[in-house]
Amino acid sequence: DVKVTQSSRYLVKRTGEKVFLECVQDMDHENMFWYRQDPGLGLRLIYFSYDVKMKEKGDIPEGYSVSREKKERFSLILESASTNQTSMYLCASSINRGRGYTFGSGTRLTVV
Amino acid sequence: KQEVTQIPAALSVPEGENLVLNCSFTDSAIYNLQWFRQDPGKGLTSLLLIQSSQREQTSGRLNASLDKSSGRSTLYIAASQPGDSATYLCAVAPAGAGSYQLTFGKGTKLSVIP
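Note that the protein sequences, when read in sequence, are chains B and X. Counting from 1, position 92 in the first sequence corresponds to residue 202 in the working numbering; the numbering is continuous, with no gaps. Counting from 1, position 12 in the second sequence corresponds to residue 57 in the working numbering; the numbering is continuous, with no gaps.
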């Protein structure tokens with residue numbers, strides 16, 4: 111089975127800090143995605159990547175950036191964390207759309 | 046733009062009951078539809094993936110059907126158990142070339158009462 115690992119289950123950061131959320135998949139998937147999930151708003155796509163060093167903006171990229179230096183790792187960066195970025199962050203990967211997505215276990219980020 | 050709707054938002058049933066969760070989508074040009082389960086505070090676990098050419102998929106007590114032309118999918122859970130309590134989400138992948146982004150419903154929160 112594909113495994114998607116998010117390095118932290120819970121994080122508490124201060125406003126203004128630079129925050130890195132890490133995601134690693136072990137099945138050589140080309141496609142990786144970052145979502146945030148908020149009550150009443152559902153899952154919203156932040157950024158995605160189809161290949162190494164390639165990135166595309168999703169629906170809500172403001173305040174975020176990403177890095178994909180290696181195929182297995184996709185990092186989400188909050189350049190200057192704000193309280194409205196308190197959320198559950200979910201990483202996913204996919205080999206192609208025909209095989210569906212595999213999600214990580216999520217990172218609950220609280221910005222104080 | 047694709048929209049995915051799941052009704053009801055919450056459902057409570059007694060243990061042992063068979064139940065159906067609904068998912069509807071506005072654009073029938075889909076590649077596939079995926080059902081997920083999410084436990085509180087956790088990530089999403091894939092349950093079933095139905096390709097656009099398929100009518101249904103089964104896994105254990107779960108059966109998912111797809112009617113692409115009417116924009117509907119159902120997830121049938123047989124003989125429900127308290128361990129089935131979770132939020133169930135459906136998501137569709139578009140048929141257009143090059144786009145891999147899923148569109149999610151907001152989920153149905155299921156409670157199975159012992």
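Rather than coming from a laboratory, the hints here were simulated on the basis of the structure. We put the CB at the ideal spot given by N, CA and C, even for glycine. Careful: at least some of the hints might be erroneous.
Unchecked claim - Derived SDA-like pairs: lysine to any residue, alpha-carbon spacing no greater than 20 Å straight-line:
| no. | chain 1 | residue 1 | chain 2 | residue 2 |
| --- | --- | --- | --- | --- |
| 1 | X | 154 | B | 149 |
| 2 | X | 87 | B | 128 |
| 3 | X | 87 | B | 172 |
| 4 | X | 151 | X | 71 |
| 5 | X | 87 | B | 178 |
| 6 | B | 128 | B | 181 |
| 7 | X | 46 | B | 152 |
| 8 | X | 151 | B | 165 |
| 9 | X | 87 | B | 165 |
| 10 | X | 113 | X | 103 |
| 11 | B | 113 | X | 84 |
| 12 | B | 165 | X | 148 |
| 13 | X | 87 | B | 149 |
| 14 | X | 46 | B | 119 |
| 15 | X | 113 | B | 193 |
| 16 | B | 113 | X | 87 |
| 17 | X | 87 | B | 196 |
| 18 | X | 151 | X | 59 |
| 19 | X | 151 | B | 168 |
| 20 | X | 87 | B | 132 |
| 21 | B | 113 | B | 172 |
| 22 | X | 87 | B | 138 |
| 23 | X | 87 | B | 148 |
Claimed, not checked - Here are a few chain X residues that face chain B, going by a calculated C-beta distance under 8 Å:
| no. | residue |
| --- | --- |
| 24 | 53 |
| 25 | 56 |
| 26 | 85 |
| 27 | 87 |
| 28 | 89 |
| 29 | 96 |
| 30 | 99 |
| 31 | 100 |
| 32 | 141 |
| 33 | 146 |
| 34 | 149 |
What the hints assert, rightly or not - According to the in silico footprint, chain X covers these stretches of chain B (three or more CB under 8 Å from chain X):
| no. | stretch |
| --- | --- |
| 35 | 158–169 |
| 36 | 180–190 |
| 37 | 213–221 |
Evaluated hints:
1. Between residue 154(X) and residue 149(B), the direct Cα distance comes to roughly 12 Å. Compliance with the 20 Å bound is thereby established for this hinted pair.
2. Distance check on the hinted pair: residue 87(X) and residue 128(B) sit about 24 Å apart at the alpha-carbon level, beyond 20 Å; violated.
3. Annotation: proposed proximity of residue 87(X) to residue 172(B) is violated, straight-line Cα distance about 25 Å (limit 20 Å).
4. Restraint check: the Cα-Cα separation between residue 151(X) and residue 71(X) comes to about 15 Å, which is no more than 20 Å; the hinted pair holds.
5. The hinted pair formed by residue 87(X) and residue 178(B) fails the criterion: a straight-line CA distance of about 24 Å is larger than 20 Å.
6. Between the alpha carbons of residue 128(B) and residue 181(B) the distance comes to roughly 23 Å, so the proposed pair goes past 20 Å and is violated.
7. Restraint check for residue 46(X) and residue 152(B): satisfied, since their Cα atoms lie roughly 16 Å apart, inside the 20 Å limit.
8. About 26 Å separates the Cα atoms of residue 151(X) and residue 165(B), which puts this hinted pair outside 20 Å; it is violated.
9. About 26 Å separates the Cα atoms of residue 87(X) and residue 165(B), which puts this hinted pair outside 20 Å; it is violated.
10. With a C-alpha separation of about 17 Å, the suggested pair residue 113(X) and residue 103(X) falls inside the 20 Å cut-off, and the hint holds.
11. Distance restraint check for residue 113(B) and residue 84(X): the Cα-Cα separation of roughly 18 Å lies within the 20 Å cut-off, and the hinted pair is therefore satisfied.
12. Pair hint residue 165(B) plus residue 148(X) holds up; C-alpha atoms about 19 Å apart against a cutoff of 20 Å.
13. At roughly 14 Å between alpha-carbon atoms, residue 87(X) and residue 149(B) fall within 20 Å of each other, so this suggested pair holds.
14. The hinted pair formed by residue 46(X) and residue 119(B) fails the criterion: a straight-line CA distance of about 33 Å is larger than 20 Å.
15. Of the pairs offered as hints, the one joining residue 113(X) and residue 193(B) is violated, with about 41 Å between alpha carbons and a cut-off of 20 Å exceeded.
16. Using a Cα cut-off of 20 Å, the hinted pair residue 113(B) and residue 87(X) holds, with the two alpha carbons roughly 15 Å apart.
17. The straight-line distance between the Cα atoms of residue 87(X) and residue 196(B) is roughly 16 Å, inside the 20 Å bound, and the hint therefore holds.
18. Distance restraint check for residue 151(X) and residue 59(X): the Cα-Cα separation of roughly 23 Å exceeds the 20 Å cut-off, and the hinted pair is therefore not satisfied.
19. For a cut-off of 20 Å, the pair hint linking residue 151(X) to residue 168(B) stands: about 18 Å separates their Cα positions.
20. With a C-alpha separation of about 16 Å, the suggested pairing of residue 87(X) with residue 132(B) holds against the 20 Å cut-off.
21. A C-alpha spacing of about 28 Å is found between residue 113(B) and residue 172(B), which places the hinted pair above 20 Å, so the restraint is violated.
22. Distance hint between residue 87(X) and residue 138(B) is unfulfilled; the C-alpha atoms sit about 24 Å from each other, more than 20 Å.
23. A hinted pair counts as satisfied when its Cα atoms are at most 20 Å apart, and residue 87(X) with residue 148(B) qualifies at roughly 13 Å.
24. Interface hint at residue 53(X): violated, since its Cβ lies 15 Å from the closest Cβ of chain B, which is beyond the 8 Å cut-off.
25. At about 17 Å, the closest approach between the beta carbon of residue 56(X) and any beta carbon in chain B exceeds 8 Å, and the interface hint on this residue is violated.
26. Here the hint on residue 85(X) is broken, as its CB sits about 11 Å from the closest CB of chain B, past 8 Å.
27. Because the smallest distance between the Cβ of residue 87(X) and any Cβ of chain B comes to about 6 Å, under 8 Å, the interface hint for this residue holds.
28. Taking 8 Å as the C-beta contact cut-off toward chain B, the hint placing residue 89(X) at the interface holds, the least distance being around 4 Å.
29. The beta carbon of residue 96(X) comes within 7 Å of a beta carbon in chain B, closer than 8 Å, and the hint placing it at the interface holds.
30. Interface restraint check for residue 99(X): the shortest CB-CB distance to chain B comes to about 12 Å, outside 8 Å, so the restraint is violated.
31. The restraint placing residue 100(X) at the interface with chain B is violated, with a minimum CB-CB distance near 17 Å, outside the 8 Å limit.
32. The beta carbon of residue 141(X) is not positioned within 8 Å of any beta carbon in chain B (closest approach about 10 Å), and the interface hint is therefore violated.
33. Satisfaction of the interface hint for residue 146(X) is found here, the shortest Cβ-Cβ separation to chain B being roughly 6 Å, below the 8 Å cut-off.
34. The restraint placing residue 149(X) at the interface with chain B holds, with a minimum CB-CB distance near 5 Å, inside the 8 Å limit.
35. Residue count for the stretch 158–169 of chain B with a Cβ under 8 Å from a Cβ of chain X: 3. That meets the three needed, and the coverage hint holds.
36. With 0 residues carrying a beta carbon less than 8 Å from a beta carbon of chain X, the stretch 180–190 of chain B misses the three-residue requirement, and the given coverage is violated.
37. With a cut-off of 8 Å between beta carbons, the stretch 213–221 of chain B has 5 residues touching chain X; three or more are needed, and the interface restraint holds.
In terms of the numbered hints stated before, the structure departs from hints 2, 3, 5, 6, 8, 9, 14, 15, 18, 21, 22, 24, 25, 26, 30, 31, 32 and 36, listed from lowest to highest.
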